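Got chain A; can you put chain B on it based on the hints?
Going down the list, the protein sequences come from chains A and B. full-length UniProt numbering numbers the first residue of the first sequence as 1 and each following residue consecutively. full-length UniProt numbering numbers the first residue of the second sequence as 1 and each following residue consecutively.
Relax, there's no trap hidden among the hints.
Quick list of in silico lysine-lysine cross-link-like pairs, DSSO-like style, CA-CA up to 30 Å:
#1 A:Lys62 - B:Lys166
#2 A:Lys80 - B:Lys172
#3 A:Lys31 - B:Lys128
#4 B:Lys128 - A:Lys62
#5 B:Lys106 - B:Lys147
#6 B:Lys166 - B:Lys147
#7 B:Lys320 - B:Lys197
If you anchor each label on the Cβ, the simulated ranges turn out as follows:
#8 B:Thr80 - A:Glu53: 53 to 61 Å
#9 A:Met44 - B:Ile4: 23 to 31 Å
#10 A:Asp3 - B:Pro23: 55 to 63 Å
#11 A:Asp65 - B:Lys63: 49 to 57 Å
#12 A:Asn19 - B:Gln60: 46 to 54 Å
#13 A:Ala37 - B:Arg24: 22 to 30 Å
#14 B:Lys98 - A:Ala37: 49 to 57 Å
#15 A:Glu53 - B:Pro34: 49 to 57 Å
Honestly, the hints are just simulated from the structure, not real lab data. Note that the coordinates shown come from a computational prediction; the quantities given were computed from them, not determined experimentally. Even for Gly, the Cβ is constructed at its ideal location relative to N, Cα and C.
Residue strings, one per chain:
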Amino acid sequence: MTDSVAGISGMIIEKLLANPKVPRDIDGNSKIVEDLAFDSLAVMNFVMEIEDELDVSVPLDKLADIRTINDLAGCLHTLKVAHA
Amino acid sequence: MTDIFAKHQGLREAYEGLTAASPRNPFEVVIERPISASVGIIEGRETLLFGTNNYLGLSQSKKAIEAAVETAETMGVGTTGSRIANGTFGLHRKLEAKLAEFFRRKHCMVFSTGYQANLGTISALVNKDDVLLLDADSHASIYDGAKLSGAQVIRFRHNDPVDLEKRLARLKDHTGAKLIIAEGIYSMTGNVAPLDKFVDIKTRHGAYLMADEAHSFGVLGAHGRGVAEMQDCEDGIDFVVGTFSKSLGTVGGYCVTNHDGVDLMRLCSRPYMFTASLPPEIIAATMAALEDMQGRPELRTKLQENAARLHAGLQKVGLKTGEHVSPVVAVTLETVDQAVGFWNALLENGVYVNLSLPPATPDNRPLLRCSVMAAHSPEEIDRAVAVFGEVARHFGL
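Extracted from the complex, chain A is given alone in its bound form (with noise of 0.2 Å):
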């Protein structure tokens, strides 16, 4: 499930929705700081959650760039597909 963007915006969701506080209607086009109220460390540290999912490491200049979820996918693609 991990082998597409969209196989990983579906298992980034999931995760988030782990946690009460994420408002249970987010999809793909969900904004991670506007609409899920992510301060910029509470990105960072997120974000490693996933890499260890998908044992890749996310540059911090790369988050500069992302701001929905699905930007987060795309991201966490390339660098798995390069890793690869």
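Only chain B this time, still in chain A's reference frame:
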């Protein structure tokens, strides 16, 4: 016209919310004057200082004060220039030689602040072709230095050698230099880094290791050289960075190393080059404080005893502290409102500590950060613990 301050609206709301709920502004505490290392006048009252970084009490060192006065009288109060222009006096070179000798390293560079030591060292050591591996709980100066460098930045889990190794393994095909950065003692929690384990890992993976011993210099190790000395792994640390503004009680920062390449850093480290050098009286006071520290190893013993006394005392009154016994003892609370109320009550009862709020704290929880000094008497520590206990009971903790 676009409001240039509009971007700070969120910050303004958070700030106003916090200050509205607090009888005093936690960011505008004024120590009207220090009476001694451990007592200052705040709001007209004598207040126990448990929120400084003056671990050995040397901000009040007689020798350092005398050296500063004498030097100011003979050399003036400033250099008015950069280290690479007119800002290097004989004293700057002398302090660098003394620090290199103290750390048993070939080279030392002195910076104008500890913040600039991290900025200047990191940004000169790595660039966009390199990778920095930072402990997730690193100080802002490390993150800022990383940003200035342009290197790729990868965070590893706080104090976690297994996680670091996993991330280095993912970089096995990366051709640039890899620099791992960890702190000796973490400033917010007092946690001590497993530098010895990081040395093993960096050796296996062909990386460099930099340790920021800002809070452990003068504090840990038989001679005060920090966590690396305590863990007997100094030879494996490539670069040690630190500050004079904690255990030595003055201001300034340094980087020491055995790598000869560091000499060129003086010509490419922008935070070293494009700022005025430290004034001569500060350099003289720092040298005197260093000598004072070396000549009085009992200060470190007293500091450890005091740290253990405060740590045990706070645990005994039922408060949650970190597991490491170090001069930084942080009490973790659950909510910001609770922490603000607790902090105000401590101050009203004559105890000053640091109020540390998320996102500057790990785990998104607020901390009451206490720091101990060799200069605290057992009675002062017991008094602070008693006030903590009374306030905790008042808040039903």
